[in-house]
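**Student:** Given the structure of chain A, go ahead and fit chain B onto it with the hints provided.
Protein sequence lines correspond, in order, to chains A and B.
So the first sequence is numbered by this note's numbering: it starts at 1 and just counts up by one.
So the second sequence is numbered by this note's numbering: it starts at 1 and just counts up by one.
Read the hints as simulated data drawn from the structure, not as lab findings.
Source: prediction; values computed, not measured.
It cannot be assumed that every hint is accurate.
Unchecked claim - Computed Cβ-Cβ distance ranges for the label pairs, DEER-style:
hint: 1; chain 1: B; residue 1: K59; chain 2: A; residue 2: V312; range: 28 to 38 Å
hint: 2; chain 1: B; residue 1: F93; chain 2: A; residue 2: R138; range: 50 to 60 Å
hint: 3; chain 1: B; residue 1: M94; chain 2: A; residue 2: G110; range: 39 to 49 Å
hint: 4; chain 1: A; residue 1: R118; chain 2: B; residue 2: I209; range: 55 to 65 Å
hint: 5; chain 1: B; residue 1: K59; chain 2: A; residue 2: G110; range: 50 to 60 Å
hint: 6; chain 1: A; residue 1: G121; chain 2: B; residue 2: L18; range: 47 to 57 Å
hint: 7; chain 1: B; residue 1: S46; chain 2: A; residue 2: R138; range: 25 to 35 Å
hint: 8; chain 1: B; residue 1: R128; chain 2: A; residue 2: Y60; range: 18 to 28 Å
Unchecked claim - Stretch by stretch, here's where chain B covers chain A in the computed footprint (C-beta under 8 Å, at least three residues):
hint: 9; segment: 47-59
hint: 10; segment: 91-104
Quick reminder that beta carbons are idealized off the backbone N, C-alpha and C, glycines included.
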Amino acid sequence: MINAVSILEIRDLEVRRGGVRVLDIPGFEVLDGEFLSLIGPNGAGKSTLLLVLACLLPRYRGSLSFRGASVMEGNGLMGYRRKISMVFQEPLLFDGTVESNVASGLRLHGVNRSNIGRIVGECMERFGIGNLKGRHARKLSGGEAQRTSLARAFAVGPEVIFLDEPFSSLDPPTREGLMEDLQRILRETKTTAVMATHDRVEALRLSSRMAIMKDGRIVQIGDPGDVMNRPQDEFVASFVGVETVLSGKIVGSGAGTVTVQVPGGKIESVGVGQVGDPVLCCIRPELVTLSTGSPTESASARNVLPGRIVKVIPMGLFYKVNIDCGFPLTAYVTASSVENLTLAEGSAVCSSFKATAVHLIRK
Amino acid sequence: MDLILEGIKQAISLLFTLDPEVLGITWLSLAVSGAATGISLIFGMSVGTTVALTEFPGKRFVISLINTGMGLPPVVVGLFVSIFLWRNGPLGFMEILYTPTAIVLAQAIIATPIVMGITLAAIQHLPRNLRLQILALGATRLQMVWMLMKEAKLPLLAAVMAGFGGVISEVGASIMVGGNIKGYTRVLTTATVMETGKGNFDIAIALGIILLLLAFAINSLLTAIQQQQRPR
Chain A
1 MINAVSILEI
11 RDLEVRRGGV
21 RVLDIPGFEV
31 LDGEFLSLIG
41 PNGAGKSTLL
51 LVLACLLPRY
61 RGSLSFRGAS
71 VMEGNGLMGY
81 RRKISMVFQE
91 PLLFDGTVES
101 NVASGLRLHG
111 VNRSNIGRIV
121 GECMERFGIG
131 NLKGRHARKL
141 SGGEAQRTSL
151 ARAFAVGPEV
161 IFLDEPFSSL
171 DPPTREGLME
181 DLQRILRETK
191 TTAVMATHDR
201 VEALRLSSRM
211 AIMKDGRIVQ
221 IGDPGDVMNR
231 PQDEFVASFV
241 GVETVLSGKI
251 VGSGAGTVTV
261 QVPGGKIESV
271 GVGQVGDPVL
281 CCIRPELVTL
291 STGSPTESAS
301 ARNVLPGRIV
311 KVIPMGLFYK
321 VNIDCGFPLT
331 AYVTASSVEN
341 LTLAEGSAVC
351 SSFKATAVHL
361 IRK
Chain B
1 MDLILEGIKQ
11 AISLLFTLDP
21 EVLGITWLSL
31 AVSGAATGIS
41 LIFGMSVGTT
51 VALTEFPGKR
61 FVISLINTGM
71 GLPPVVVGLF
81 VSIFLWRNGP
91 LGFMEILYTP
101 TAIVLAQAII
111 ATPIVMGITL
121 AAIQHLPRNL
131 RLQILALGAT
141 RLQMVWMLMK
151 EAKLPLLAAV
161 MAGFGGVISE
171 VGASIMVGGN
181 IKGYTRVLTT
191 ATVMETGKGN
201 FDIAIALGII
211 LLLLAFAINS
221 LLTAIQQQQR
231 PR
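With the rest of the complex left out, here is chain A (with noise of 0.2 Å):
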């Protein structure tokens, strides 16, 4: 359950790191409640951000507040410390049992013994590795050295919990089950998240929000549709997946409709616009259609544009289609659907988009 109350808040935070400035951040919030993840490329500024809003790294500038209440460097800090909890992409686990790493967070707090015995139960069996208890830590895959990493973050009932990369070192199928199980769990115990990761398709999946970075700043944040769909910018749409992104020039502008000009060609869009605009066509490749029929079939949608196939490119659960146009189009599509259109280089094609799937930046 999301409150639109905020639980932590930046503001104008500026973080160096010899000299060099790394975070530049002049306000971001997280809400009660969300799941938000902090998505960009290496080096964007993500994990410096979560040590930041974990307290565990100095500020150079900017205040951090956790529900209202100042939390500073000294006395107030250790209290904030033990509200929050933090997972890495490496498990980090002690030299000790499972059953003793889950405890080792309750017994830094000081709760005492036959508390943390009944956390810890709990804790392991939501996991799912209750038969592990007794398993020294150094004896596990790299599926329950996670889970367990996870448990210990969670035994201590932390409010935010910090995810840095926490799936990139699992393979598909234990990365699937664990998110599975990490999403139900931060459900029923109400608890905020925030996860650092390059990989939009795990964001997409957890996120209530998601937020893009670049160069130690924030470039766009909101609903993961909405940065999905509507990028900010042409780095925010490479980033999110948008494959075909192209630089025209309004041509003709009607009712919530405009046609945009671009080199090879018009594409039909909605939005306003005044005659003459530059803007950027943005075209996700999901919602390109290709079909090998007659350019009526497709009737309902905007834009028909019949081309030719310069590649076909499998994906694993898809395939990638690049099309000439009269400008590249990038379409995905199933394997079916390459096997009944026989779908191959250098093939006639009819690509058709609606105009509500155009997204236009304005430059």
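**Tutor:** Here is chain B on its own, set in the frame of chain A:
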């Protein structure tokens, strides 16, 4: 060949008859080197850990100094400790030259950089994020250091062994600051040197064997602690 066999025979009889002089020497060796190692652990581990965990200008230089100290020649230590403790020396007023205390002091100076260097390397070798992970679990700074030391238990016990091994087998400094006084500052190594010089190979061999057994016993004990609870 006879010499060696004769020596070993004599050694065994000395060992089994529990010769009071030999026992005294053994006990003093153990006490002096044990105390020196204890002191070196206090200084070596605390400074080693602090240097490993803090960033400051000139850190590399300090680390190379500590590493150089790990190879400190005992005779050089003996020389400087002697000068300091000499009657007219800066610490002459303490009047501890040629006492067991002087040997403890010299041996502690030898063992401290060894313990410090290994501690430093052990703590630095831990994963970078482990510190942050411990703090994020709500540890105070002291709890964090304690947990890091527990994680580095293996190399830290190796540091204890290296420190103790370095001083129990050391002879130069002990002779220089202790003086090899019979029944007072004579330890296993200094006694071995003396008996060999006198041509009493049997006693020298006996003392040598005791020294080896002692080192073996102490290290076995430490190894047992080190290897306990290791996952199989």
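**Student:** Determine for every hint whether it applies to the structure shown.
**Tutor:** Each hint, compared with the structure:
1. K59/B / V312/A: 28 to 38 Å: 56 Å, violated
2. F93/B / R138/A: 50 to 60 Å: 54 Å, holds
3. M94/B / G110/A: 39 to 49 Å: At 45 Å between Cβs, range holds.
4. R118/A / I209/B: 55 to 65 Å: 56 Å, holds
5. K59/B / G110/A: 50 to 60 Å: 34 Å, violated
6. G121/A / L18/B: 47 to 57 Å: 55 Å, holds
7. S46/B / R138/A: 25 to 35 Å: Check passed, 28 Å falls within 25 to 35 Å.
8. R128/B / Y60/A: 18 to 28 Å: Distance hint for R128/B, Y60/A holds at roughly 21 Å.
9. 47-59: holds (count 3)
10. 91-104: Since 5 is at least three, the answer is holds.
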